[in-house]
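Chain order of the listed sequences is G and L.
Residues in the first sequence are numbered from 1 upward in steps of one, following our numbering.
Residues in the second sequence are numbered from 1 upward in steps of one, following our numbering.
I should point out that these hints are in silico values taken from the structure, not numbers from a laboratory.
Errors might be hidden in some of the hints.
Which stretches of chain L does chain G cover? Using the computed rule of at least three CB atoms under 8 Å from a CB of chain G, they are [what the hints assert, rightly or not]: (1) 88-101; (2) 104-117; (3) 120-131; (4) 134-140; (5) 143-155.
Cβ coordinates follow ideal geometry from the N, Cα and C atoms, glycine included.
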Amino acid sequence: MPDLLLELLSEEIPARMQKRAREDLHRLMEAELKAAGLEWRVARAFSTPRRLALAAFGLPAETAAQTEERKGPRVDAPEAAIEGFLRSTGLTLDELEVRPDDRGAVYFAVKRKPGRATAEALQEIVPRVIQSFPWPKSMRWGSGTLRWVRPLRSIICLFGEKGAAQVVPVEVENVPYGRTTYGHRVHAPGPIEVSGPEDYVEKLARAFVVLDQDARRKYLTDQIAAKLASSGLEMLPDEALTEEVTGLVEWPNPLIGRVDPEFQELPPEVLQTSMREHQKYFSLRKPGEEKISGFVAAANLRPQDGGAKMLAGYERVLRARLSDARFFWENDLATPLDSRLDRLNHIVFHARLGAQGDRVARLRALAGELGEAFGADPEIVDRAALLAKADLVSDMVGEFPELQGRMGRRYAEAAGEDPQVAEAIEEHYRPVGAQDRTPASAAAAAVAVADRLDLLVCFWTIDEKPTGSKDPFGLRRAAVGILRIMMENARRADLEELAERHYFLAERARQHVEQSERGAEGAVRRNLSVRVLDRLYEGDEAAAMTAADLDRDKSLGVLARGWKEKSLALSHDLMGFFTDRLTALMRDEMGFRHDVVSAVLNQGSARDPALAMIQARMLTEFLLQSESQNLLAAYKRAANILRAEERKESVDFSRHPDPALYQHPAEKALHEAANIVEAQTQLALKGEDFQGALMAMTRLREPLDDFFRDVTVNSDDPALRRNRLRLLSRLRALMLEAADFDALEG
Amino acid sequence: MPNAQVNAPPRCFQDLILTLSRYWASRGCAILQPYDMEVGAGTFHPATTLRSLGAKPWAAAYVQPSRRPKDGRYGENPNRLQHYYQYQVILKPSPPDLQERYLGSLRAIGLDPSEHDVRFVEDDWESPTLGAWGLGWEVWCDGMEVSQYTYFQQVGGHDCRPVSGELTYGLERLAMYVFGVENVYDLPFNSPDSPVPLKYGDVFLQTEREYSRWNFEVADTEMLFQHFLDAEAECGRILAASLEEGSIVMAHPAYDQCIKASHVFNLLDARGVISVTERQAYIARVRALAKACADAYLRTPQGADEAV
Numbered sequence: 001m002p003d004l005l006l007e008l009l010s011e012e013i014p015a016r017m018q019k020r021a022r023e024d025l026h027r028l029m030e031a032e033l034k035a036a037g038l039e040w041r042v043a044r045a046f047s048t049p050r051r052l053a054l055a056a057f058g059l060p061a062e063t064a065a066q067t068e069e070r071k072g073p074r075v076d077a078p079e080a081a082i083e084g085f086l087r088s089t090g091l092t093l094d095e096l097e098v099r100p101d102d103r104g105a106v107y108f109a110v111k112r113k114p115g116r117a118t119a120e121a122l123q124e125i126v127p128r129v130i131q132s133f134p135w136p137k138s139m140r141w142g143s144g145t146l147r148w149v150r151p152l153r154s155i156i157c158l159f160g161e162k163g164a165a166q167v168v169p170v171e172v173e174n175v176p177y178g179r180t181t182y183g184h185r186v187h188a189p190g191p192i193e194v195s196g197p198e199d200y201v202e203k204l205a206r207a208f209v210v211l212d213q214d215a216r217r218k219y220l221t222d223q224i225a226a227k228l229a230s231s232g233l234e235m236l237p238d239e240a241l242t243e244e245v246t247g248l249v250e251w252p253n254p255l256i257g258r259v260d261p262e263f264q265e266l267p268p269e270v271l272q273t274s275m276r277e278h279q280k281y282f283s284l285r286k287p288g289e290e291k292i293s294g295f296v297a298a299a300n301l302r303p304q305d306g307g308a309k310m311l312a313g314y315e316r317v318l319r320a321r322l323s324d325a326r327f328f329w330e331n332d333l334a335t336p337l338d339s340r341l342d343r344l345n346h347i348v349f350h351a352r353l354g355a356q357g358d359r360v361a362r363l364r365a366l367a368g369e370l371g372e373a374f375g376a377d378p379e380i381v382d383r384a385a386l387l388a389k390a391d392l393v394s395d396m397v398g399e400f401p402e403l404q405g406r407m408g409r410r411y412a413e414a415a416g417e418d419p420q421v422a423e424a425i426e427e428h429y430r431p432v433g434a435q436d437r438t439p440a441s442a443a444a445a446a447v448a449v450a451d452r453l454d455l456l457v458c459f460w461t462i463d464e465k466p467t468g469s470k471d472p473f474g475l476r477r478a479a480v481g482i483l484r485i486m487m488e489n490a491r492r493a494d495l496e497e498l499a500e501r502h503y504f505l506a507e508r509a510r511q512h513v514e515q516s517e518r519g520a521e522g523a524v525r526r527n528l529s530v531r532v533l534d535r536l537y538e539g540d541e542a543a544a545m546t547a548a549d550l551d552r553d554k555s556l557g558v559l560a561r562g563w564k565e566k567s568l569a570l571s572h573d574l575m576g577f578f579t580d581r582l583t584a585l586m587r588d589e590m591g592f593r594h595d596v597v598s599a600v601l602n603q604g605s606a607r608d609p610a611l612a613m614i615q616a617r618m619l620t621e622f623l624l625q626s627e628s629q630n631l632l633a634a635y636k637r638a639a640n641i642l643r644a645e646e647r648k649e650s651v652d653f654s655r656h657p658d659p660a661l662y663q664h665p666a667e668k669a670l671h672e673a674a675n676i677v678e679a680q681t682q683l684a685l686k687g688e689d690f691q692g693a694l695m696a697m698t699r700l701r702e703p704l705d706d707f708f709r710d711v712t713v714n715s716d717d718p719a720l721r722r723n724r725l726r727l728l729s730r731l732r733a734l735m736l737e738a739a740d741f742d743a744l745e746g
Numbered sequence: 001m002p003n004a005q006v007n008a009p010p011r012c013f014q015d016l017i018l019t020l021s022r023y024w025a026s027r028g029c030a031i032l033q034p035y036d037m038e039v040g041a042g043t044f045h046p047a048t049t050l051r052s053l054g055a056k057p058w059a060a061a062y063v064q065p066s067r068r069p070k071d072g073r074y075g076e077n078p079n080r081l082q083h084y085y086q087y088q089v090i091l092k093p094s095p096p097d098l099q100e101r102y103l104g105s106l107r108a109i110g111l112d113p114s115e116h117d118v119r120f121v122e123d124d125w126e127s128p129t130l131g132a133w134g135l136g137w138e139v140w141c142d143g144m145e146v147s148q149y150t151y152f153q154q155v156g157g158h159d160c161r162p163v164s165g166e167l168t169y170g171l172e173r174l175a176m177y178v179f180g181v182e183n184v185y186d187l188p189f190n191s192p193d194s195p196v197p198l199k200y201g202d203v204f205l206q207t208e209r210e211y212s213r214w215n216f217e218v219a220d221t222e223m224l225f226q227h228f229l230d231a232e233a234e235c236g237r238i239l240a241a242s243l244e245e246g247s248i249v250m251a252h253p254a255y256d257q258c259i260k261a262s263h264v265f266n267l268l269d270a271r272g273v274i275s276v277t278e279r280q281a282y283i284a285r286v287r288a289l290a291k292a293c294a295d296a297y298l299r300t301p302q303g304a305d306e307a308v
């Protein structure tokens, strides 16, 4: 069967775009061919910096013949109907087929489309794929209107049996097409004629191009390993860089260079980041040592001098880079972290929320409370919160933002800060992603949660919540971070309460910015607003209102009441946001049953995620016991009756039942059981013994069953009926204290 | 062998410039002179900004002294200067063999791509002040950035049709690499065999010190703020007068005022009197001028599309 070779030769394609481009080429060609009724046996897409290619094997030489049938009117139908059918099909009467059907004979229009040469289909498909190719960024060049990632220089589209493939003339603007490609720009600059996919791969290999990205990657890593074998050095693994370098070279030639000893004393992460980001070098070190003493740079070339000139260049550039890095490092060390804090007052956190300095003040307040809840050393927490953002104004982090936290730790250590403080400064950024671990210490966890909760409350305050796929401030990630930090180490705190109060600090920052923009008139108002919000934050509403009354036109009082209301609404809304993330986490990541998750979270436990997790675990265990199924059934029965009756009369039966009206021993027994269980449940829940509360519930199962067996709820006597419904209502309320049984599935 | 003389690799800074000029002249470029105003980069020269608009073909190369007040280091940093040179090549429409031509220019100045690792590394170019952007690369030679290579997509908010190819060589850095010099001030400026051999420092060290002090410490910021307003106003006035029916459209004089405003902004920025928020606003104001000038240029006989 015939094969297809497609090559799109262009100027250098950005390395980071190549993987997606290969997948897109494969997918689009497959879909287009399928739409034309063509399928390949196997295909593979390739990319190098200069070309995107597809080799597809085992395609049919032509598309299958197609028959299109349309049923028409019956043979004895009115003439007008038959004429209409002829018009719409474009056929004449004698071209129609007559076929019997259960009520007589019917006309059929049958059109046979012969198969079409695959090459002909390709002639249309390939230009369409090129013109609609979804590059993340594309451009025009010269005088044309075609868009490609960089100028498209030539196209090969060959189709046919091995050794006899023909050029498919693909017309895309003025891009030349044929069977000519070019090899390595330096080592094989001349044109190369190819006859098909296998020939293409082979000839490129001879022209110093390793076409297959997987082979090229392996070639690169093998070469590195071979050169390292005798060097006594090991490479710091870097998947992303390996992938990128594979996309930067057609014929990798790794060279091993030396880091000048005068720079080896720099922190290894600084060397590694500088070399990776600026130079695309891999870092090398002696096994067992921390410091980085060498590098690997992958050239795209094997020069006559063995690479001496290149290597000299690599080392020279690196010296210049590292001199910069060392300058930053030494400069930063000369300025202790805490003396940088003032500079944070001049760095904008957000135009509507003031400076980073204000944010640090909020972090300290919030981290303090969290630290207390987490049982961390308050002094460590406060110091860590104070210094957590100080490295943002260091030269090094200015140059390499990804080193935030890492440098803060180094600088804190160098300044003789408590090691726990230094550690918390680095760790408070964790988890960085879904794969990263959460902070280990309670102090770091307190700062980490404070950092994220402040972010959330602040952006909720100015109403910049994530919408759809837009989440420019990473608020979803922040919420998930908080949940993971609290759940993975069972760190308990009431997020809703914290958010409710923290709102006043965020609002304070916003008022400060807004009123300051209004000049002298705003200044008075600003100072008053700040006072009111401070009192509200302290929980002294009366003092807040008194302060608000100092406002000349009294409008501040109205505003203050609005803030109070907003603190409740905002924290409630924020808990909804947490609940959504927590639901997904518990269900998808932790494997809890979805009804268990709802049963727990409907009780409002997202405000204390670690508790929610404990409850879900216990509820899951509880549901595995046979007792629980019966209890659940009895509960559902009670709840169903109540729901129906409540709807009917649109009253509720929440008042306590009157024991004097009990007629049957089963009523009395249930009442007594409820009293006992209520006492036990309350005691258990007070001690957060959720399991105890659930176990206590199981005692209700028997009296409930008896009740339903012996007692008719819907008695003819309205007083008795109401009393029985009240008894059931009490039981429902009692059980809902432990978990939302309505959410559970039987 | 006069030919060998011509093709000999450059030995000093000025040779490098002359070699590039000879190279691009032999490939059909008009060799222009620097624009006679203070600009931050070669792109600001109207031979690039304005000429990349409209349909008329264009091919030019020139050296452009460039000023970045913030990069001054009082002559103490071996790599940073507040005044330096860019070599700029602009070809419209971008020819299909631009990459080969570019590599040829490296060969001409002694960087043989068969001995050096020349790499095209993704770099999208954007000038917020000019309302311009393009795609291309920074070109690395043995890991060092030696040029910026861009296909202009938009300038002054207008799509470039046809697309211009722009090459920018950072001359000092390139020269330091070619001549193996670690400190910019040690670069040989003229031939080391000259009766008066001059190094880059002999020519520019004193001015780097003087301008660094003026840029960072002395420049009268109140006066500069006023200059900004004046340039902005004059630009608007020129463009308004250009709307009079049947009159000469004055895109270039207006654009001079845009250049002036841009440079004044850079000076104010170096003086540290522009806050982060204000910065964006000033950039937007310069961009508005650049766009208005681009609009005007497209109404001149030179800038008008031939099709129109």
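Now for the hints, and whether the structure bears them out:
Coverage of the stretch 88-101 of chain L by chain G holds. Counting CB-CB distances below 8 Å, 5 residues qualify, and the rule asks for three or more. Residues of the stretch 104-117 of chain L with a Cβ under 8 Å from some Cβ of chain G number 5, which satisfies the need for three, so the listed coverage holds. Only when three residues or more bring their CB closer than 8 Å to a CB of chain G does the claim for the stretch 120-131 of chain L stand; here the count is 4, and the claim holds. Proximity of the stretch 134-140 of chain L to chain G, defined as three or more residues with a beta carbon under 8 Å from a beta carbon of that chain, is established by the 4 residues found.
For the stretch 143-155 of chain L, the stated coverage by chain G holds: 4 residues have a C-beta nearer than 8 Å to a C-beta of that chain, and at least 3 were required.
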